[in-house]
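Residue numbers (our numbering), protein chains in the order written: chain E, 165 to 369; chain H, 165 to 369.
Read the hints as simulated data drawn from the structure, not as lab findings. Among the hints, a few may not be true.
The list makes no distinction among identical chains, and a pair is therefore deemed to hold if it is satisfied within one copy or across any two copies.
[Unchecked claim] Only pairs whose alpha carbons sit at most 30 Å apart, straight line, appear in this in silico DSS-like list of lysine-lysine:
#1 Lys223 / Lys323
#2 Lys188 / Lys220
#3 Lys323 / Lys170
#4 Lys218 / Lys323
#5 Lys220 / Lys204
#6 Lys170 / Lys244
#7 Lys188 / Lys297
#8 Lys331 / Lys223
#9 Lys170 / Lys220
#10 Lys188 / Lys323
#11 Lys204 / Lys223
Protein chains: 2
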Amino acid sequence: MNYPSKILEQAVNAIASLPGIGRKTALRLALHLIQDQNHKSEILVDALVQLNTKIKQCKRCNLVADNDICDICASTSRHKRVICVVENLRDLLAIEDTQQYNGLYHILGGVISPINGIGPENLYIESLIQRVKSEGVEELIMAVSPTIDGETTIFYISKLLADSNVKISTIARGVSFGGELEYADEFTLGRSILSRTPYHQNGSN
Amino acid sequence: MNYPSKILEQAVNAIASLPGIGRKTALRLALHLIQDQNHKSEILVDALVQLNTKIKQCKRCNLVADNDICDICASTSRHKRVICVVENLRDLLAIEDTQQYNGLYHILGGVISPINGIGPENLYIESLIQRVKSEGVEELIMAVSPTIDGETTIFYISKLLADSNVKISTIARGVSFGGELEYADEFTLGRSILSRTPYHQNGSN
């Protein structure tokens, strides 16, 4: 497509460089920004500049933060001796949204994946081990994705911590709430039988 | 969803204010921009600032342009006495992409739509009439959407130009190329029968 304006074309190219946004959508967004009367474009530019220049990474858990230490790590109402280990911010936010967890987090930045060239040295594993040792952590909840790479990562971390007293757990895996058994994959279903939990008449497990 | 950072939250809000982008997509894009190593965010900000501050509107046809007169109006190789009247830039680009048209354009900015409170005074109709009179235009091709509002707009413009010699045509309406008759709506099919064209053995109509 030929654009009538170089400036418009540059904007379309820049917007279309974002993941999941094609050139038609980028054009629609650029035209929307040109025509918008509510200074949306200025607000967007301002927010992106702030994101570029002011955002920090928490020195403890690696979460994006406004300060050197994030609000979660700095909170006085959270349980400081439990760390939930996640791959990335999105997983952390998903767990926060459940409102079922009140400890701290540690973002690994991914999982060990030899096929993708990601080794332990590319992840925040070293700093996790340091935290466990220096912060008197009692439990590590490994909330990484239930894949071979995730399992490898859990195994690797557990080996490094073999001589410490920290308890390592993984989040429960099994069939989804509301899911139908016949559509669960055999690996998940097999594991959910092996990891069966006692039934209590008065409540959930 | 609670965001761990005000700066991130502002960026997500600003991105999610764009049409067709929800908060989950906005978060994904914001995190992509934070993590990107290729200065994508700086390039995007720069392109948006240029879009905000430098983009112009062609004084003749209302197309977005880098200069006071757009490249199409300024071109010496285009037919100057034919104007194709379109609602917006996207329709113009769609016509340009067909490579079947080599005249000028005039962007109306919409169509007359009493139900949406859009009257002739909200559109670039006045300037179209001026152009027809001052530029010696021989033909106006009305390429507005085939709706009641579009028809109203064509009728309104044709009335204003009743005393001029300009020839007014509309783009052909009928069943789409490759479309199946049984799925065409009855209005389109009825019209395509009324507007039937003579068949020439040696070429298309």
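Legend entry - Status of Lys323 relative to Lys223 across identical chains (alpha carbons, at most 30 Å): within (24 Å within a copy, 71 Å between copies)
Legend entry - Homo-oligomer pair classification [Lys323, Lys188; C-alpha up to 30 Å]: neither (50 Å within a copy, 36 Å between copies)
Inset, instruction - Go through the copies and call it for Lys170 and Lys220: within, between, both or neither, with a Cα cutoff of 30 Å. - result: Between copies, since 11 Å is at most 30 Å while 34 Å is not.
Inset, instruction - Measure nothing new, just compare the shortest in-copy and cross-copy C-alpha distances for Lys220 and Lys204 to 30 Å and report within, between, both or neither. - result: Classified as both; 25 Å inside a copy, 18 Å across copies.
Legend entry - Within, between, both or neither: Lys218, Lys323 at alpha-carbon 30 Å: Classified as neither; 37 Å inside a copy, 59 Å across copies.
Inset, instruction - Could you figure out if Lys331 and Lys223 sit no more than 30 Å apart (CA to CA) within one copy, between two copies, both or neither? - result: within (24 Å within a copy, 72 Å between copies)
Inset, instruction - Go through the copies and call it for Lys170 and Lys244: within, between, both or neither, with a Cα cutoff of 30 Å. - result: between (54 Å within a copy, 23 Å between copies)
Inset, instruction - Have a look at Lys188 and Lys220 and pick one of within, between, both or neither, based on CA distance no larger than 30 Å. - result: between (33 Å within a copy, 21 Å between copies)
Legend entry - Up to 30 Å CA-CA - Lys170 versus Lys323, copy category: Classified as neither: same-chain Cα gap 56 Å, cross-chain 37 Å, threshold 30 Å.
Inset, instruction - Tell me, please, which holds for Lys188 and Lys297 at an alpha-carbon limit of 30 Å: within, between, both or neither? - result: neither (52 Å within a copy, 36 Å between copies)
Legend entry - Intra- versus inter-subunit Cα pairing at 30 Å for Lys204 with Lys223: between (33 Å within a copy, 25 Å between copies)
Checked against the numbered hints given earlier, the structure breaks hints 3, 4, 7, 10 and satisfies all the rest.
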